[in-house]
Amino acid sequence: MNDPLSATLRIASSGLQAQGTRLRVIAENIANADSTAPSAGGDPYRRKTISFTTSLDRASGTEVVKVKQIGRDRSDFQLAYDPSHPAADAKGYVKRPNVQPLIEMADMREASRSFEASVNVIEQSRSMMNRMIDLLRG
Amino acid sequence: MDFSNIALFRLSGARLDYLAQRHRVIAENVVHANTPDYKAKDLKPFESLLGGVRPVTTARTSALHLAGGRPAGAMAEAPRPDQWEVTPDGNSVSLEQEMAKGSETRDAFALTAGLFQRNVQMLRAAWRSGN
Chain G
5 MNDPLSATLR
15 IASSGLQAQG
25 TRLRVIAENI
35 ANADSTAPSA
45 GGDPYRRKTI
55 SFTTSLDRAS
65 GTEVVKVKQI
75 GRDRSDFQLA
85 YDPSHPAADA
95 KGYVKRPNVQ
105 PLIEMADMRE
115 ASRSFEASVN
125 VIEQSRSMMN
135 RMIDLLRG
Chain V
26 MDFSNIALFR
36 LSGARLDYLA
46 QRHRVIAENV
56 VHANTPDYKA
66 KDLKPFESLL
76 GGVRPVTTAR
86 TSALHLAGGR
96 PAGAMAEAPR
106 PDQWEVTPDG
116 NSVSLEQEMA
126 KGSETRDAFA
136 LTAGLFQRNV
146 QMLRAAWRSG
156 N
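So the sequence lines, in the order shown, correspond to chains G and V.
Residues 5 to 142 in the working numbering are what the first sequence spells out, letter by letter.
Residues 26 to 156 in the working numbering are what the second sequence spells out, letter by letter.
Simulated from the structure, these hints should not be mistaken for lab results.
Predicted model, so just to flag it, every value in this text is computed and none were measured.
Every residue, glycine too, gets a C-beta built ideally from N, C-alpha and C.
Heads up, a few of these hints could be off.
Straight-line C-alpha distance at most 20 Å; calculated EDC-like pairs for lysine to aspartate or glutamate [unchecked claim]:
{"id": "1", "chain 1": "V", "residue 1": "Lys66", "chain 2": "V", "residue 2": "Glu110"}
{"id": "2", "chain 1": "G", "residue 1": "Lys70", "chain 2": "V", "residue 2": "Asp62"}
{"id": "3", "chain 1": "V", "residue 1": "Lys69", "chain 2": "V", "residue 2": "Glu129"}
{"id": "4", "chain 1": "V", "residue 1": "Lys69", "chain 2": "V", "residue 2": "Asp114"}
{"id": "5", "chain 1": "V", "residue 1": "Lys66", "chain 2": "V", "residue 2": "Asp107"}
{"id": "6", "chain 1": "V", "residue 1": "Lys64", "chain 2": "G", "residue 2": "Glu32"}
{"id": "7", "chain 1": "V", "residue 1": "Lys69", "chain 2": "V", "residue 2": "Glu102"}
{"id": "8", "chain 1": "G", "residue 1": "Lys52", "chain 2": "V", "residue 2": "Asp114"}
{"id": "9", "chain 1": "G", "residue 1": "Lys72", "chain 2": "G", "residue 2": "Glu114"}
{"id": "10", "chain 1": "V", "residue 1": "Lys64", "chain 2": "V", "residue 2": "Asp107"}
{"id": "11", "chain 1": "V", "residue 1": "Lys66", "chain 2": "G", "residue 2": "Asp61"}
{"id": "12", "chain 1": "G", "residue 1": "Lys70", "chain 2": "V", "residue 2": "Asp114"}
{"id": "13", "chain 1": "V", "residue 1": "Lys64", "chain 2": "G", "residue 2": "Asp61"}
{"id": "14", "chain 1": "G", "residue 1": "Lys99", "chain 2": "G", "residue 2": "Asp138"}
{"id": "15", "chain 1": "V", "residue 1": "Lys66", "chain 2": "V", "residue 2": "Asp42"}
{"id": "16", "chain 1": "G", "residue 1": "Lys99", "chain 2": "G", "residue 2": "Asp77"}
{"id": "17", "chain 1": "G", "residue 1": "Lys72", "chain 2": "V", "residue 2": "Asp114"}
{"id": "18", "chain 1": "V", "residue 1": "Lys126", "chain 2": "G", "residue 2": "Glu120"}
{"id": "19", "chain 1": "V", "residue 1": "Lys126", "chain 2": "G", "residue 2": "Glu127"}
{"id": "20", "chain 1": "G", "residue 1": "Lys52", "chain 2": "G", "residue 2": "Asp38"}
{"id": "21", "chain 1": "V", "residue 1": "Lys64", "chain 2": "V", "residue 2": "Glu102"}
{"id": "22", "chain 1": "G", "residue 1": "Lys52", "chain 2": "G", "residue 2": "Asp86"}
{"id": "23", "chain 1": "G", "residue 1": "Lys72", "chain 2": "G", "residue 2": "Glu32"}
{"id": "24", "chain 1": "G", "residue 1": "Lys72", "chain 2": "V", "residue 2": "Asp62"}
{"id": "25", "chain 1": "G", "residue 1": "Lys95", "chain 2": "G", "residue 2": "Asp47"}
{"id": "26", "chain 1": "G", "residue 1": "Lys99", "chain 2": "G", "residue 2": "Asp86"}
{"id": "27", "chain 1": "V", "residue 1": "Lys66", "chain 2": "V", "residue 2": "Glu129"}
{"id": "28", "chain 1": "G", "residue 1": "Lys99", "chain 2": "G", "residue 2": "Asp80"}
{"id": "29", "chain 1": "V", "residue 1": "Lys66", "chain 2": "V", "residue 2": "Glu121"}
{"id": "30", "chain 1": "V", "residue 1": "Lys64", "chain 2": "V", "residue 2": "Asp132"}
Taking CB as the label site, the calculated pair distances span [said to hold, decoys possible]:
{"id": "31", "chain 1": "G", "residue 1": "Ala31", "chain 2": "V", "residue 2": "Asn144", "range": "49 to 59 Å"}
{"id": "32", "chain 1": "G", "residue 1": "Arg62", "chain 2": "V", "residue 2": "Glu121", "range": "28 to 38 Å"}
{"id": "33", "chain 1": "G", "residue 1": "Glu32", "chain 2": "V", "residue 2": "Val145", "range": "51 to 61 Å"}
{"id": "34", "chain 1": "V", "residue 1": "Gly115", "chain 2": "G", "residue 2": "Arg130", "range": "25 to 35 Å"}
{"id": "35", "chain 1": "V", "residue 1": "Val145", "chain 2": "G", "residue 2": "Ile74", "range": "47 to 57 Å"}
{"id": "36", "chain 1": "V", "residue 1": "Pro104", "chain 2": "G", "residue 2": "Asp138", "range": "30 to 40 Å"}
{"id": "37", "chain 1": "V", "residue 1": "Glu129", "chain 2": "G", "residue 2": "Met109", "range": "31 to 41 Å"}
{"id": "38", "chain 1": "G", "residue 1": "Arg62", "chain 2": "V", "residue 2": "Asp62", "range": "19 to 29 Å"}
{"id": "39", "chain 1": "V", "residue 1": "Pro61", "chain 2": "G", "residue 2": "Ala31", "range": "19 to 29 Å"}
{"id": "40", "chain 1": "G", "residue 1": "Val123", "chain 2": "V", "residue 2": "Ala151", "range": "36 to 46 Å"}
The shape of chain G in the complex, shown without the other chains (with noise of 0.2 Å):
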């Protein structure tokens, strides 16, 4: 496939899905916000991340963007006074996750920005398309 225009709606859609994956792992994170251990003393939900990375499709020669890894958050969680939860240790202290509800927001919006801008290039394309079969109307 060596037809560029059609190189171009591959490229975007890469970046739409690595993009969906990001959101998704961002759900997760927030969902989990509140999410303590199972068991007294024991560790509470860990933020998950995502990295991208570059991989050649070899099908059009192009570089398109795919998921490099999906990595746990290793910061400390952050310890809560409640003797009477569930998950508490023999202190009484609570393990909370280390998901930062504001971090996770800004996150949020990025992925949506880079998103929109797949899906514009995805319009770009097809308007250039369009134009290509405007000309065998003559």
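Using the hints provided, position chain V relative to the given structure of chain G.
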């Protein structure tokens, strides 16, 4: 009659090809807006194609060699494209810049296709009045 012998058709064909390639490069930049250490790319300006420099491709001295996937010559990537910003993670893609370049490319494409079409109309008018 071969249309590619008419200079205007040949030029607008090359221009359309160049713009489509450039749009592909822009798409690559846009999807890598969040990839760490990614450097934004761009093609050399179209004017360098008009300089009459012959495109150079790598020679294939054996049937086992792979043909280069990227177009050579004027379609080559610019060595140092101008960049608006570089983020702390080493990424130099600015979505605003890419969007601006994208619409610029789309408009230039529409203009060139319009020129092509108008030229076809002129030819048609010429052979219609001939009989």
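Unsatisfied constraints (hint numbers, rising): Hints 4, 6, 14, 22 and 30 not satisfied by this model.
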